[in-house]
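Participant: Below, each chain spelled out in residue letters.
Protein chains: 2
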Amino acid sequence: MKNITSLLPIQYPIIQAGMVWVSGGKLAAASANAGILGVIGAGSMKPDLLKLHIEKAKLLTTHHERLAVNVPLLYEKSKEQLETALSLGIKIFITSAGSPKTYTTWLKSYGSTVIHVVSTPEFAKKSEQAGCDAIIAEGFEAGGHNGRDEITTFALIPQVVDAVKIPVIAAGGIADGRGIAAAMCLGAHGVQMGTRFVATEESSAHINFKNAILQSRPDSTMLMMKKSVPVRLLKNKFFEDVKSLEERGASKEDLEKLLGHGRAKSGMLDGDMIEGEIEIGQVASLIHDIPTVQKLVQKLIQEQRDSLPEKSFF
Amino acid sequence: MKNITSLLPIQYPIIQAGMVWVSGGKLAAASANAGILGVIGAGSMKPDLLKLHIEKAKLLTTHHERLAVNVPLLYEKSKEQLETALSLGIKIFITSAGSPKTYTTWLKSYGSTVIHVVSTPEFAKKSEQAGCDAIIAEGFEAGGHNGRDEITTFALIPQVVDAVKIPVIAAGGIADGRGIAAAMCLGAHGVQMGTRFVATEESSAHINFKNAILQSRPDSTMLMMKKSVPVRLLKNKFFEDVKSLEERGASKEDLEKLLGHGRAKSGMLDGDMIEGEIEIGQVASLIHDIPTVQKLVQKLIQEQRDSLPEKSFF
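Chains as they are written, first to last, in this note's numbering: chain A, 1 to 314; chain B, 1 to 314.
Honestly, the hints are just simulated from the structure, not real lab data. Check before you lean on any hint, since a few could be wrong.
Said to hold, decoys possible - Pairwise CB distance ranges (calculated):
#1 B:LYS108 x A:GLY262: 53 to 61 Å
#2 B:ASP162 x A:GLU240: 23 to 31 Å
#3 B:LYS108 x A:ARG217: 26 to 34 Å
#4 B:MET222 x A:GLN298: 37 to 45 Å
#5 B:ARG248 x A:LYS265: 31 to 39 Å
#6 B:ASP162 x A:GLU247: 32 to 40 Å
#7 A:GLN11 x B:SER251: 37 to 45 Å
As the list claims (entries may be wrong) - Output of the computed footprint for chain B on chain A, the stretches with three or more beta carbons under 8 Å from beta carbons of chain B:
#8 81-95
#9 139-153
#10 177-186
#11 218-230
#12 294-305
The C-beta atom is built at its ideal place from N, Cα and C for all residues, glycine as well.
Okay, chain A solo, but in the shape it has when bound:
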């Protein structure tokens, strides 16, 4: 079966995930230069800032065709974000946290490629019906916002692959080439990796955040706020505050007040590892270095090859 290099103008079937406060123009351009899809995470950007990041990315790479924008549809300015990106020549869109019906037809009328992020086979089917070109299926172990059903990548990918005909990109739990090969054995046509790209030289994550990844342990993250907006967080003081609020049966509103945007910025961009919100995947503890994106991608390719048997495992 063909991988997503047939659909997307990239050399290797790897997507650097769009992440709030972490994946700006610099990281996206580095990814494009390394032969993979470079995604600007628009979630934390007003349209003007998104414009600056797209322009910056276009200055830093000649591979403009490998630049994409991730737009979480729950933000009020998501339409404006999409218009901004379209006006600057972006052709590949990753939409999430909303219905795939909202903008897919409209985006495709401009010749765009649209990929929607889902966490269940049911929403994968809905995305296919809405005309999406591919889907990203994200498991429970992924960092940041997540589904309610707690379906892991191992259980999710084969079911999604069986449910749709469009290409499936696996996300959640993948931090090295072993994970890429594993996801593709499960039937995925490519992978999206987030946490791994936070710990690169070119990501805009604060160095404290990058170092926290290197120091993390297998049990350093937990999916919280399962009743309102599930999100996987690094365990720090902010996490403990969320936890005790939840244990005291706090309302959705109280929780959302604590989990405001200010906390995500102060944690991930400004490096406040105590009071800040740190969104991160379970694979953080598999990561032990902060390479350039170029070096990372070359290593991923080699690891992917090395993890496969010559012919068959048995």
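Dock chain B against the given chain A, drawing on the hints supplied.
Facilitator: Just chain B now, kept in the frame of chain A:
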């Protein structure tokens, strides 16, 4: 790297999991006949009943060397169970739910092979230090009892493989050959599958339980009782009862009273799908048939081969 067929006298690196009320002598013998490890789940058996099941298995297969017993160490009669199995010639033991230090040296003094079940890299190291021959690393998506840290198979296996030198057997989330290949790409030397073997002709699961697997959906299971003894359950009335007790902040004792052994037997063996406790993995919804073990194993081997690329994925 060699797979677990170097350590265990089996043809294929697959372990049919020991499961309460489901894997008696009949299922274990069918597995041994099919070339994989047949495991009698002693958790639900008094020593006398275990004796009957081992004797039954030995009548149904000539491959006595491929028979093993799984003993959860939290039961008060676990030592008696082990002695019973030893006296009947069992040479392979899978221990779980307790310290690997308790019986490993003693079991090995009889020439046994000892495999301990863990859910974190830390306990994998402790098992290696205790002298275990291999470990089974079980992810969050697995059915039945589970770890507290919610580490999924995708995140767990590479970390465990990196942490120990003894062979690692992956469990949780594997229901077909794609999953076997994926687990082995992550570095596992073999796999253990539980839920998939519940839905076979030879398992002792009640037909209602087998049919519930065929009818399950991706969101049909949930890990419950996370604060006391985490267990993944099928969502039925019993599950709802556990859930509302937990939401009302019930004590560990109240929860354990509800989750008594009687409920597991009435659900899984006697087929009460309303009031019974049904322990099952997240992959239930990937299972669509009730084959013989022989046919299943042949299919798994073929699927494993088919899911691998000719040389490399890219």
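Participant: Now tell me, hint by hint, if it's right for this structure.
Facilitator: Against the structure, the hints:
1. B:LYS108 x A:GLY262: 53 to 61 Å: 57 Å, holds
2. B:ASP162 x A:GLU240: 23 to 31 Å: 29 Å, holds
3. B:LYS108 x A:ARG217: 26 to 34 Å: 30 Å, holds
4. B:MET222 x A:GLN298: 37 to 45 Å: Since the Cβ atoms of MET222 (chain B) and GLN298 (chain A) sit about 41 Å apart, the hinted range of 37 to 45 Å holds.
5. B:ARG248 x A:LYS265: 31 to 39 Å: At 37 Å between Cβs, range holds.
6. B:ASP162 x A:GLU247: 32 to 40 Å: Given a distance of about 34 Å, which is inside 32 to 40 Å, the answer is holds.
7. A:GLN11 x B:SER251: 37 to 45 Å: Taking Cβ atoms as reference, GLN11 (chain A) and SER251 (chain B) lie about 57 Å apart, which means the hint is violated.
8. 81-95: Coverage by chain B is violated here, the residue count being 0 at a Cβ distance below 8 Å.
9. 139-153: Three-residue rule met by the segment 139-153 of chain A, so holds; n is 8.
10. 177-186: With 9 residues closer than 8 Å to chain B, the segment 177-186 of chain A meets the three-residue bar; holds.
11. 218-230: Coverage by chain B holds for the segment 218-230 of chain A (4 residues, Cβ < 8 Å).
12. 294-305: Our answer is that it holds, as 3 residues pass the Cβ test (under 8 Å) against chain B, meeting three.
This entry does not satisfy hints 7 and 8, going by the numbered hints stated previously.
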